[in-house]
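K.L.:
Based on these hints, arrange chain Z on the given structure of chain U.
Chains U and Z, in that order, give the protein sequences. For the first sequence, UniProt numbering gives the first residue as 1, with consecutive numbering after it. For the second sequence, UniProt numbering gives the first residue as 1, with consecutive numbering after it.
Since the hints were derived computationally from the structure, they do not count as laboratory data. A few of these clues could be false.
[Stated by the list, open to error] Derived DSS-like pairs (lysine-lysine); straight-line CA-CA distance at most 27 angstroms:
#1 K294(Z) <-> K94(U)
#2 K312(U) <-> K94(Z)
#3 K165(U) <-> K18(U)
#4 K94(U) <-> K312(Z)
#5 K4(U) <-> K242(Z)
#6 K390(Z) <-> K294(Z)
#7 K4(Z) <-> K242(U)
#8 K294(U) <-> K18(U)
#9 K4(Z) <-> K165(Z)
#10 K294(Z) <-> K18(Z)
#11 K312(Z) <-> K274(Z)
#12 K20(U) <-> K165(U)
#13 K294(U) <-> K94(Z)
#14 K9(U) <-> K20(U)
#15 K164(U) <-> K10(U)
2 protein chains.
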Amino acid sequence: MKAKLPFTKKEYQQRVKKVKSIMQQQRIDVMVATDPGNMNWLTGYDGWSFYVHQGVIISLDMEEPIWFGRAMDRNAALLKCFMQRDNLVGYPEKYVQNIDEHPMTWIGENIFQKNGWSGCVIATERDNYYYSAEAHFRLAATLPNANLVNANNLVNWVRGVKSKKEIEYMRIAGSITEKIHRRILDTVSAGIPKSHVVSQIYETAIAGVDGHGGDYPSIVPLLPSGADASASHITWDERPFKRNEATFFEISGCYKRYHAPMSRTIFMGKPPQKFLDAEKALIEAIDAGLAVAKPGNLTADIANAIDSVMLKYGIDRNGARCGYPIGVSYPPDWGERTCSLRSSDLTVLESGMTFHLMPGVWQDDWGMEITESIHITDSGVELLSNFPRKLFIK
Amino acid sequence: MKAKLPFTKKEYQQRVKKVKSIMQQQRIDVMVATDPGNMNWLTGYDGWSFYVHQGVIISLDMEEPIWFGRAMDRNAALLKCFMQRDNLVGYPEKYVQNIDEHPMTWIGENIFQKNGWSGCVIATERDNYYYSAEAHFRLAATLPNANLVNANNLVNWVRGVKSKKEIEYMRIAGSITEKIHRRILDTVSAGIPKSHVVSQIYETAIAGVDGHGGDYPSIVPLLPSGADASASHITWDERPFKRNEATFFEISGCYKRYHAPMSRTIFMGKPPQKFLDAEKALIEAIDAGLAVAKPGNLTADIANAIDSVMLKYGIDRNGARCGYPIGVSYPPDWGERTCSLRSSDLTVLESGMTFHLMPGVWQDDWGMEITESIHITDSGVELLSNFPRKLFIK
Numbered sequence: 001m002k003a004k005l006p007f008t009k010k011e012y013q014q015r016v017k018k019v020k021s022i023m024q025q026q027r028i029d030v031m032v033a034t035d036p037g038n039m040n041w042l043t044g045y046d047g048w049s050f051y052v053h054q055g056v057i058i059s060l061d062m063e064e065p066i067w068f069g070r071a072m073d074r075n076a077a078l079l080k081c082f083m084q085r086d087n088l089v090g091y092p093e094k095y096v097q098n099i100d101e102h103p104m105t106w107i108g109e110n111i112f113q114k115n116g117w118s119g120c121v122i123a124t125e126r127d128n129y130y131y132s133a134e135a136h137f138r139l140a141a142t143l144p145n146a147n148l149v150n151a152n153n154l155v156n157w158v159r160g161v162k163s164k165k166e167i168e169y170m171r172i173a174g175s176i177t178e179k180i181h182r183r184i185l186d187t188v189s190a191g192i193p194k195s196h197v198v199s200q201i202y203e204t205a206i207a208g209v210d211g212h213g214g215d216y217p218s219i220v221p222l223l224p225s226g227a228d229a230s231a232s233h234i235t236w237d238e239r240p241f242k243r244n245e246a247t248f249f250e251i252s253g254c255y256k257r258y259h260a261p262m263s264r265t266i267f268m269g270k271p272p273q274k275f276l277d278a279e280k281a282l283i284e285a286i287d288a289g290l291a292v293a294k295p296g297n298l299t300a301d302i303a304n305a306i307d308s309v310m311l312k313y314g315i316d317r318n319g320a321r322c323g324y325p326i327g328v329s330y331p332p333d334w335g336e337r338t339c340s341l342r343s344s345d346l347t348v349l350e351s352g353m354t355f356h357l358m359p360g361v362w363q364d365d366w367g368m369e370i371t372e373s374i375h376i377t378d379s380g381v382e383l384l385s386n387f388p389r390k391l392f393i394k
Numbered sequence: 001m002k003a004k005l006p007f008t009k010k011e012y013q014q015r016v017k018k019v020k021s022i023m024q025q026q027r028i029d030v031m032v033a034t035d036p037g038n039m040n041w042l043t044g045y046d047g048w049s050f051y052v053h054q055g056v057i058i059s060l061d062m063e064e065p066i067w068f069g070r071a072m073d074r075n076a077a078l079l080k081c082f083m084q085r086d087n088l089v090g091y092p093e094k095y096v097q098n099i100d101e102h103p104m105t106w107i108g109e110n111i112f113q114k115n116g117w118s119g120c121v122i123a124t125e126r127d128n129y130y131y132s133a134e135a136h137f138r139l140a141a142t143l144p145n146a147n148l149v150n151a152n153n154l155v156n157w158v159r160g161v162k163s164k165k166e167i168e169y170m171r172i173a174g175s176i177t178e179k180i181h182r183r184i185l186d187t188v189s190a191g192i193p194k195s196h197v198v199s200q201i202y203e204t205a206i207a208g209v210d211g212h213g214g215d216y217p218s219i220v221p222l223l224p225s226g227a228d229a230s231a232s233h234i235t236w237d238e239r240p241f242k243r244n245e246a247t248f249f250e251i252s253g254c255y256k257r258y259h260a261p262m263s264r265t266i267f268m269g270k271p272p273q274k275f276l277d278a279e280k281a282l283i284e285a286i287d288a289g290l291a292v293a294k295p296g297n298l299t300a301d302i303a304n305a306i307d308s309v310m311l312k313y314g315i316d317r318n319g320a321r322c323g324y325p326i327g328v329s330y331p332p333d334w335g336e337r338t339c340s341l342r343s344s345d346l347t348v349l350e351s352g353m354t355f356h357l358m359p360g361v362w363q364d365d366w367g368m369e370i371t372e373s374i375h376i377t378d379s380g381v382e383l384l385s386n387f388p389r390k391l392f393i394k
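If we strip away everything but chain U, and leave its shape as in the complex, we get (with noise of 0.2 angstroms):
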């Protein structure tokens, strides 16, 4: 019954030691990953469940980590984790979104406390989107001579370098995303209602390509136009693309939680010279952030290259960075939170790693993204998607 997981046992086996030997270093006993991200790179979990608590134990006197969530999902888990069947704890529905009793209460006597971490260091992902303040408290009532820290991350990084297998996933996404980008071009035109735009945008992630089918992306498909493009968080409507405004389309096609993100620029009719001068800077950006991308150099020197030329056109990011690390990911995010292509980050590029790189321009009423999303090789670096890189007119 159960489904093939999308990597050998071995490899999650090898995940799970690589966590524990950073774990043992930083003197943690026992680790919760509430991050969806973290528990499917763990232990292959993968469902729309981190609406409610949920997480995976990894402790350094236990072989296999521990799966806990609610107890509907632990038939998600009996499917999905490649750990044995009781290593899968799941908690009474009494628990579920119930204010007087709170499954993390459950969790610390029924886990914790029974397998005896009462007095341990025991770390947590304190800055999680599924690690909340009132989880964090009533874990903490149930063991009152543990040693709580934070291991924020700790998972996230070990993440960085990819195996070969998350390569080919990302490489699907990457071929989803040209795809996509191909329908946007095909799609857009000044009159169209936005929401079309999007609708056709989603039934193409989701189809996928070459009998892969497409999951959906950590981020919905943003797409502002015109001064819009200045918040380039906003989600769109039903409101016509208008001539003369630029439109830049930030998407990720995504395969088995993986991501591949580029983004995009049309403009609908005659571009004013701004922009061919910001075309032009991001381009030549681009190209030097990559001929630096490379085994042994920093984060920090992509950046660098990048905002030198940045600076050389006069265009000022206002301290943006210029991207991030990238891989499996849920909601709200598609990024990996750990380093960023910033000048202030000293991080060694390494073979296997994936970033977004992202030098986009949002001044105070345009924006403009030409964007790539790029795999560090022993030799250098590979684009995940093939795409023309330039502004496009229509």
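P.N.:
Below, chain Z alone, put in the same frame as chain U:
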């Protein structure tokens, strides 16, 4: 430049007044809403920016709320919020996903301290997805003399009774829901990949109805088949639908962030008797629930009416609730997380309340959902979608 708000300024002001009145009753001086649905409902703010820390602050000593978020997203707030510019506060870009410098430290120092709230009773939504443990610790560290309390769901409760305009939007969402289910019936058959059907669901959902563009739903389409239907939150992949299996489709149209979910089940082939029995039970149970869904009755009355029919047919729902309130929302949940339709819940029904009535049957190796979104009216109940209520057979 400001876009037309979905509600009048007066309606937003009225909502803020209602929340302040509850705050006063509960002796709260200042509260922070981080639930994106609450932020939207209180101010009009709408954007995919909840992947960074943001919120709306209501203080009894200020007329308007304060929106805070990433500096880049202040442009979105300028377009979307009803308040004056001075009440829209962006924190500097360097606080974005930077483990050393947390936005809530900046917010504590630059908003709470500066407004003289350091010694106040300050409430936060402690169990919200978008209020992490770390956000709480950082805010608290800037306010050592404040009394920090929990106001989880305070705003959600005030949202319970919908305005006329809100109901209008939910009816549009309900029409989109109908359209999606018609498309599902047209598209599904044995051999068709699930990802294809989901691509058609999304295309229909976002295209919308009657010139009203669809918005992204807060939960992705759920359509588990066969034994997977026991794991109700598993999402799709590219494997095809099979003969002699049931699939339930739990989906919602969405308009201006308002939802009207509805599930239907399709059996491909000749359904076994247990499916026909469950269909009969569910239809009778829903009728029994609808008959008592009127102002003055309790949420428990609906649950008891449904449960007693299900029990009569020998179907044990394992203590799962029969539904929950719905309205404006963001991923990962379209529910309001206040009351529930369950026998222990004694909320008095009022005209204007809206629920997803969902007495699903989830057994060990199969599942069935036939559900309705309902609006409690002065005289009884209105269905937000009109669609044949039965087990579909193809």
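K.L.:
Now look at each hint and say whether the structure bears it out.
P.N.:
Checked hints:
Straight-line distance between C-alpha atoms of K294(Z) and K94(U) comes to about 25 angstroms, which keeps the hinted pair within the 27 angstroms bound. For the suggested pair K312(U) and K94(Z), the alpha carbons sit about 23 angstroms apart, so the restraint of at most 27 angstroms is met. About 17 angstroms separates the Cα atoms of K165(U) and K18(U), which keeps this hinted pair within 27 angstroms; it holds. For the hint pairing K94(U) with K312(Z), the CA-to-CA distance comes to about 23 angstroms; that is within 27 angstroms, so the pair holds.
Straight-line distance between C-alpha atoms of K4(U) and K242(Z) comes to about 17 angstroms, which keeps the hinted pair within the 27 angstroms bound. For the hint linking K390(Z) to K294(Z), the alpha-carbon distance of about 24 angstroms falls within 27 angstroms, and the restraint holds. Distance restraint check for K4(Z) and K242(U): the Cα-Cα separation of roughly 17 angstroms lies within the 27 angstroms cut-off, and the hinted pair is therefore satisfied. Restraint check for K294(U) and K18(U): satisfied, since their Cα atoms lie roughly 24 angstroms apart, inside the 27 angstroms limit.
Proposed proximity of K4(Z) and K165(Z) is supported: the alpha carbons are some 14 angstroms apart, at most 27 angstroms. Restraint check for K294(Z) and K18(Z): satisfied, since their Cα atoms lie roughly 24 angstroms apart, inside the 27 angstroms limit. Pair hint K312(Z) plus K274(Z) holds up; C-alpha atoms about 14 angstroms apart against a cutoff of 27 angstroms. Only pairs whose Cα atoms come within 27 angstroms are accepted, and K20(U) paired with K165(U) is accepted, the gap being roughly 22 angstroms.
Our distance criterion of 27 angstroms between C-alpha atoms is met by K294(U) and K94(Z), whose separation comes to about 26 angstroms. Simply put, K9(U) and K20(U) have alpha-carbon atoms about 17 angstroms apart, close enough for the 27 angstroms limit, and the pair holds. Pair hint K164(U) plus K10(U) holds up; C-alpha atoms about 14 angstroms apart against a cutoff of 27 angstroms.
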